[in-house]
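K.L.:
Residues per chain are reported as follows:
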Amino acid sequence: MKNLVLLDTSSQPFWKMPESFKTKIQEALGPEWAIITISGFGGDVSGLKLADAIIGFPFPLPLIRENKNLKWVHFLTAQVPVSWQKAPVEVTVTNSSVSTSAVAEHGLYLALKGIRRESFLANHHEWSLSNYGIARSTQALKVGIVGLGKIGSKLCDFTKPLFKEVHVLTHRTEALEGVTVYGHADQSKFFGEIDVLFLCTNLNPQSEKTFKSGQFFGLLKKDIVIVNIARGELLNEAELHDFLAENTESLYLTDVTTPEPYPIKGILNDLENVFISPHVGARFHGIWKELEGEVLLKVKTPENL
Amino acid sequence: MNHEVEQVVRVKLNEIISGIDDIYLSTSVLSADSNAELPDLGIDSLGRITLFYGIIDYFKVTEDETRASDWKKLGDVFTFMKTYL
Numbered sequence: 000m001k002n003l004v005l006l007d008t009s010s011q012p013f014w015k016m017p018e019s020f021k022t023k024i025q026e027a028l029g030p031e032w033a034i035i036t037i038s039g040f041g042g043d044v045s046g047l048k049l050a051d052a053i054i055g056f057p058f059p060l061p062l063i064r065e066n067k068n069l070k071w072v073h074f075l076t077a078q079v080p081v082s083w084q085k086a087p088v089e090v091t092v093t094n095s096s097v098s099t100s101a102v103a104e105h106g107l108y109l110a111l112k113g114i115r116r117e118s119f120l121a122n123h124h125e126w127s128l129s130n131y132g133i134a135r136s137t138q139a140l141k142v143g144i145v146g147l148g149k150i151g152s153k154l155c156d157f158t159k160p161l162f163k164e165v166h167v168l169t170h171r172t173e174a175l176e177g178v179t180v181y182g183h184a185d186q187s188k189f190f191g192e193i194d195v196l197f198l199c200t201n202l203n204p205q206s207e208k209t210f211k212s213g214q215f216f217g218l219l220k221k222d223i224v225i226v227n228i229a230r231g232e233l234l235n236e237a238e239l240h241d242f243l244a245e246n247t248e249s250l251y252l253t254d255v256t257t258p259e260p261y262p263i264k265g266i267l268n269d270l271e272n273v274f275i276s277p278h279v280g281a282r283f284h285g286i287w288k289e290l291e292g293e294v295l296l297k298v299k300t301p302e303n304l
Numbered sequence: 000m001n002h003e004v005e006q007v008v009r010v011k012l013n014e015i016i017s018g019i020d021d022i023y024l025s026t027s028v029l030s031a032d033s034n035a036e037l038p039d040l041g042i043d044s045l046g047r048i049t050l051f052y053g054i055i056d057y058f059k060v061t062e063d064e065t066r067a068s069d070w071k072k073l074g075d076v077f078t079f080m081k082t083y084l
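Residue numbers (numbering that gives the first Met the number 0), protein chains in the order written: chain U, 0 to 304; chain L, 0 to 84.
Since the hints were made in silico from the structure, they are not lab data. Glycine included, each C-beta is placed from N, C-alpha and C at the ideal position. Hints should not be assumed to be uniformly reliable.
[Claimed, not checked] Listed next, the in silico EDC-like pairs over lysine to aspartate or glutamate satisfying Cα-Cα at most 20 Å (straight line):
1) U:LYS85 / L:ASP20
2) U:LYS48 / L:ASP63
3) U:LYS211 / L:ASP21
[As the list claims (entries may be wrong)] A short, non-exhaustive set of chain L residues, derived as facing chain U with CB atoms under 7 Å:
4) GLU5
5) GLU14
6) ILE15
7) GLY18
8) ASP21
9) TYR23
10) SER27
11) PRO38
12) ASP39
13) SER44
14) ILE48
[As the list claims (entries may be wrong)] Using C-beta positions, here's what the derived DEER-type ranges look like:
15) U:THR300 / L:ASP69: 37 to 43 Å
16) U:GLU302 / L:VAL7: 48 to 54 Å
17) U:TRP126 / L:VAL7: 58 to 64 Å
Pulled out of the complex, with its shape left as it was, chain U reads as follows:
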């Protein structure tokens, strides 16, 4: 008998695995497999040491160190966690196209929230003009998108009809219609041009160099709108805080923080020009059906059974 561990460890009700998801996986695996469900890390996680395969949300790699049977791990995320990139087993992730549109839409929503100068601390149950500053016109603004993966590409599609110009910072070299492409050698020029900046790139050596060299914030316009739908760790939080505190016309709207949930005492909560949504970009009706489809493809691959 082989063991598949389902890591159903999210504390959020939306992200708990539906029973239909588990049932479909069992049907696909057949009777030679037993499913062990782990619901949280406060209880018994010994199943991880027995697993031949694991599906679920990321967890600390050392928890499988005593497991000699484990063949593959499939995370229900868009990226392989940094610490798993050197794991001694095959690690795959859900194809990021499952949530691409939803995340890009959320990014656009955050950007427009900033551009319309919504007051983030206002009581929106009060009909008050002070709930909003004076909006800027998208037709006068230049968008910059860092990262031309699936989400960055979708954002290009969304922003081209709305904004004055769309610029992209990417390692890719192909020309894109209607978009000005910059390589990293020209990143200073890129950042200096931009009014609305979308962060859609992975955490990797290049992005560390770009955002954490100590020079990044000095390149930006003082009234820039920064939208982060990538990773909270992309930016140095202390430097971000100082930039936003000094440049009160700038805005930071993010769906990602480190850690999550973002603590009430986190320094970004001191600022009125910060808006944090609780990592909901990929949360949309129907996502579990799409995740199920992706996982069943994985499970039904003969070499994985």
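Knowing the structure of chain U, use the given hints to seat chain L on it.
P.N.:
Just chain L now, kept in the frame of chain U:
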């Protein structure tokens, strides 16, 4: 914990954390308040387990990861580490 011992623990913990990919701290453990809650420093529940394994690997000891479930503040981590100095 006496000041000197705590300083030694802080330095070792800083060394351990610098070798862990998935932990990003809002404040360095060299200067953070020992009463700081771990989530406020950037260590969530999974980060706590990751840190636990980093510590036991550093000291080359065997412990059950449920020991980490008691850690609420940075000082709890110091207390755990002190036993292996």
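K.L.:
Each hint should be assessed against the structure and marked as holding or not.
P.N.:
Results of checking the hints against the structure:
A distance of roughly 11 Å separates the Cα atoms of LYS85 of chain U and ASP20 of chain L; the hinted pair therefore holds under the 20 Å criterion. Only pairs whose Cα atoms come within 20 Å are accepted, and LYS48 of chain U paired with ASP63 of chain L is accepted, the gap being roughly 13 Å. A hinted pair counts as satisfied when its Cα atoms are at most 20 Å apart, and LYS211 of chain U with ASP21 of chain L qualifies at roughly 17 Å. Because the closest C-beta pair between GLU5 of chain L and chain U is about 22 Å apart, greater than 7 Å, the hint is violated.
For the restraint placing GLU14 of chain L at the interface with chain U, the shortest Cβ-Cβ distance is roughly 17 Å, beyond the 7 Å limit, so the hint is violated. Because the beta carbon of ILE15 of chain L sits about 13 Å from the nearest beta carbon in chain U, more than 7 Å, this interface hint is broken. This hint is violated: GLY18 of chain L has a C-beta 11 Å from the nearest C-beta of chain U, more than the 7 Å allowed. A distance limit of 7 Å between C-beta atoms decides the matter here; for ASP21 of chain L the minimum to chain U is near 5 Å, and the interface restraint holds.
At about 5 Å, the closest approach between the beta carbon of TYR23 of chain L and any beta carbon in chain U falls short of 7 Å, and the interface hint on this residue holds. Hint on SER27 of chain L is violated. Least Cβ distance to chain U is approximately 11 Å, over the 7 Å limit. For PRO38 of chain L, the interface hint holds, the least distance from its beta-carbon to any beta-carbon of chain U being 5 Å, beneath 7 Å. The beta carbon of ASP39 of chain L comes within 5 Å of a beta carbon in chain U, closer than 7 Å, and the hint placing it at the interface holds.
The closest approach between the C-beta of SER44 of chain L and any C-beta of chain U is roughly 6 Å, which is under the 7 Å cut-off, so the hint is satisfied. A hinted interface residue such as ILE48 of chain L counts as satisfied when its beta carbon comes closer than 7 Å to some beta carbon of chain U; here the least separation is about 5 Å, so the hint holds. Range check, THR300 of chain U to ASP69 of chain L: Cβ separation about 41 Å, and the 37 to 43 Å hint holds. Take GLU302 of chain U and VAL7 of chain L: their Cβ atoms lie about 50 Å apart, and the range 48 to 54 Å holds.
Between TRP126 of chain U and VAL7 of chain L, the C-beta spacing of about 60 Å keeps the proposed range 58 to 64 Å intact.
This entry does not satisfy hints 4, 5, 6, 7 and 10, going by the numbered hints stated previously.
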